[in-house]
Amino acid sequence: MRNARDTFYVTLRDRLAAVNPARTMVLRGVTRPGVLVEENELASAYQPVDAFCLRWTGVQVDAQGAMPLMTMTCEIRYATDGNAGNGGMDRGRLLAAMDAELVAAVGAAPQSAVKVNYAVSPAVAMGTMVFWGDVTPGSSTVNEERLERVATVEVFCYQEAGEL
Amino acid sequence: MSGSGLVGAVAPVSRRVRAYFAPVDRTAGVPVVFDAAQMGAFGLESPPAPWVDLGWCGGFARKSLTKVGVLRTGIPAIAQRQVRTEVEATVALEFESWGKLQMALAAGSQQMNLLRTVNGATANGSGGMAGAAVALMAGSTASSLNVGAAAGGFGVGDLVAVDVDYAGQVGFVGSGVSGAYVSSAAAVGGDVNYVRRISLNVGRVVSIADGVLTLGVALLAGAPAAGMQVSQLVGFVDREGGGFFHEWSGLFVMDGEQGDRVIYHYPRLQAMQGSAEIVEALAGPLERVKLAGAFRALPVKDTNDGETVLCFRSYLPGAMRTV
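Heads up: the sequence lines are chains A and B, in that order.
First residue of the first sequence: 1008, per my numbering; consecutive thereafter.
First residue of the second sequence: 58, per my numbering; consecutive thereafter.
Check each hint, because a few of them may be wrong.
Reference listing, derived: stretches of chain A covered by chain B, where coverage requires no fewer than 3 residues with Cβ under 8 angstroms from a Cβ of chain B [said to hold, decoys possible]:
hint: 1; region: 1070-1077
hint: 2; region: 1132-1139
hint: 3; region: 1143-1150
Some but not every residue of chain B turned toward chain A, in silico, with C-beta under 7 angstroms [to be verified]:
hint: 4; residue: Val64
hint: 5; residue: Ala66
hint: 6; residue: Val67
hint: 7; residue: Pro69
hint: 8; residue: Ser71
hint: 9; residue: Glu314
No lab work stands behind these hints: they were computed from the structure.
Every residue gets a Cβ at the ideal spot worked out from N, C-alpha and C, and that includes glycine.
Put together the whole structure using the sequences plus the hints.
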């Protein structure tokens, strides 16, 4: 599962960066594409704005086939306060832009990628593919001056023999 | 991955089915045969010639109606052998997009172009008397039509049909794809535009310059042959009834998520129902209307062993999968 999660994150990160190279964030002093995996960062109550934050939630296992089929739910959280120069009055437009970027990145063909083990250096391509469905955006919520949304994507992978 | 480097084979997981069309030579009765051994790994966006992309389709449902009978002998009767008493197969699908080709195939019968009429033409369900066609000049190609000074009569966005005049031909007519069967000149009233009326050789003008109409997509029949002319059209029409059956070679591809591929090839398909739609509710009063087609497979001979068959299912396993 770890390899599949890493693969999905790296694929999504690269695609989001291609869709909108200007969406960046500074994390621990490093400027990088505006997407992170919550569980890979220091625990914090801080919700980054104008960036995508991945949170892995549900997991299901179908062990009927030759390899267990894993279904993982990835919540993608994003929020914006709008542009200060516009008094935040463009926050609806900015959230809509993030919606479009996410839909484009997740829905781009192919909706699959070779599973890669990033825990070793150099990373090693594995024998199966990670694949995912379309993004399902949830309702937007208003948190004071902030607009937030949680979208979900179902991510699938096969657990290969000996894979942890 | 096991020590052998092989990965266990799993049931294909697929999202959608991609459909492709190839014309059957109706006069000679020759379908287009797809050889999965040679062409099976083609890119979905670039099918090998002469296959034409029909786009994604949903609701893909194959049905074998083949019946297997039992030969019993003895008392009590005991099943000794089996025999195929009937061989039949159908396939149904919903097209995700509406276009000339999709409509023609799903119509179940002859599908026509609504040619732009002359002023004051008598009203007719499939379009009144069409205006005069425009002759093509030298230098036309499958995607650029040289009409010279007549280009002033066209506008960007116009739909056009490109085909020969009707001059008394009897039999299957239509360039590239047989769009109709003419039993006699009298049956079509000697309409000089009749072939363009039923032609699948259509396109949309995306630019005009120096007397040349550039089409968005190349014509199905390729570069225009001598004698072809251009008629403007406003849309398409099909009818419930009629005696014509479109026949086409069909190819349906399901790409698995693990690099595997399932290919269904029906060399000869004919519609088995009239024009129909599937309505999907979106929200409120909004509904999405999809073209629904149902087709019956007709037989071909497999030259490898002379067997009479209706369809071929090929499976291309993913790399390094157990088989």
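Evaluation of the provided hints:
no.: 1; hint: 1070-1077; result: holds (count 4)
no.: 2; hint: 1132-1139; result: holds (count 5)
no.: 3; hint: 1143-1150; result: violated (count 0)
no.: 4; hint: Val64; result: holds, 4 angstroms
no.: 5; hint: Ala66; result: holds, 6 angstroms
no.: 6; hint: Val67; result: holds, 5 angstroms
no.: 7; hint: Pro69; result: violated, 11 angstroms
no.: 8; hint: Ser71; result: violated, 10 angstroms
no.: 9; hint: Glu314; result: holds, 4 angstroms
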